[in-house]
Amino acid sequence: MYEFDWSSIVPSLPYLLDGLVITLKITVTAVVIGILWGTMLAVMRLSSFAPVSWFAKAYVNVFRSIPLVMVLLWFYLIVPGFLQNVLGLSPKNDIRLISAMVAFSMFEAAYYSEIIRAGIQSISRGQSSAALALGMTHWQSMKLIILPQAFRAMVPLLLT
1 MYEFDWSSIV
11 PSLPYLLDGL
21 VITLKITVTA
31 VVIGILWGTM
41 LAVMRLSSFA
51 PVSWFAKAYV
61 NVFRSIPLVM
71 VLLWFYLIVP
81 GFLQNVLGLS
91 PKNDIRLISA
101 MVAFSMFEAA
111 YYSEIIRAGI
121 QSISRGQSSA
131 ALALGMTHWQ
141 SMKLIILPQA
151 FRAMVPLLLT
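For what it's worth, our numbering labels the leading residue of the sequence shown as 1, then goes sequentially.
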């Protein structure tokens with residue numbers, strides 16, 4: 001019977017733990033920024049102002065139709081140069097990590113946007129009508145009534 005040789009893993013353990021920390025940083029950043037940007041995109045997509053809705057629709061369609069590997073390559077090759085030239089960041093900063101966080105965040109935001117949009121549309125129109133009847137603005141009703149109910153319905157989809 002074959003026995004696994006742990007002696008080959010132990011010397012690499014510090015590198016594996018460093019990789020785990022970097023992976024967790026990228027994941028947490030992508031989820032938080034993706035949900036926030038995805039929520040804004042979903043609200044923009046449901047907007048009655050056509051240019052805002054078109055922008056959100058185009059953004060979601062573009063990022064959902066491009067493979068993640070392509071987005072990662074673009075951001076790995078383009079964003080570091082952009083950050084160095086436009087924002088004046090020095091090469092000392094770990095721009096590769098920042099570009100990975102931005103790429104994953106923007107990519108995930110497109111998917112979260114569709115989940116959040118569906119969640120918002122699943123809430124009865126009577127809820128927003130009641131909020132408007134109480135004197136709330138559209139944004140107050142979205143923030144205080146619609147989004148909390150929608151997020152409760154979306155939790156299972158957001159966690160997959």
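Honestly, the hints are just simulated from the structure, not real lab data. Computed from a predicted model, the values in this text were never measured in an experiment. A couple of the hints might just be wrong.
[As the list claims (entries may be wrong)] So the derived label-pair ranges between C-beta atoms look like this:
#1 Leu46 - Leu16: 40 to 48 Å
#2 Leu97 - Ala153: 50 to 58 Å
#3 Ala153 - Tyr2: 33 to 41 Å
#4 Gly81 - Lys143: 25 to 33 Å
#5 Leu17 - Ala153: 15 to 23 Å
#6 Leu17 - Leu134: 46 to 54 Å
#7 Gly19 - Thr160: 21 to 29 Å
#8 Lys143 - Met70: 32 to 40 Å
[As the list claims (entries may be wrong)] In silico DMTMM-like pairs for lysine to aspartate or glutamate, Cα to Cα no more than 20 Å straight-line:
#9 Lys25 - Glu3
#10 Lys25 - Glu108
#11 Lys57 - Glu108
#12 Lys25 - Asp94
#13 Lys57 - Asp94
Heads up, the beta-carbon is just placed ideally off N, CA and C, and yes, glycines get one too.
Taking the hints in turn, this is what the structure says about them:
The hinted range of 40 to 48 Å is satisfied by Leu46 and Leu16, whose Cβ atoms lie roughly 44 Å apart. The hinted window of 50 to 58 Å between Leu97 and Ala153 is violated, with their beta carbons roughly 34 Å apart. The supplied range of 33 to 41 Å is broken by Ala153 and Tyr2, whose beta-carbon atoms lie about 49 Å from each other. Separation of Gly81 from Lys143 is about 38 Å and departs from the stated range, judged on CB atoms against 25 to 33 Å.
The beta-carbon spacing between Leu17 and Ala153, approximately 38 Å, falls outside the hinted interval of 15 to 23 Å. Range check, Leu17 to Leu134: about 53 Å between beta-carbon atoms, so the 46 to 54 Å window is met. At roughly 24 Å, the beta carbons of Gly19 and Thr160 sit within the given window of 21 to 29 Å. A hinted range of 32 to 40 Å for the beta carbons of Lys143 and Met70 is consistent with their spacing of about 35 Å.
With a CA separation close to 34 Å, the supplied pair Lys25 and Glu3 exceeds the 20 Å bound. Annotation: proposed proximity of Lys25 to Glu108 holds, straight-line Cα distance about 15 Å (limit 20 Å). Taken as a hint, the Lys57 and Glu108 pair is honoured in the structure, with Cα atoms around 15 Å apart against an allowance of 20 Å. Distance hint between Lys25 and Asp94 is fulfilled; the C-alpha atoms sit about 13 Å from each other, no more than 20 Å.
Taken as a hint, the Lys57 and Asp94 pair is broken in the structure, with Cα atoms around 32 Å apart against an allowance of 20 Å.
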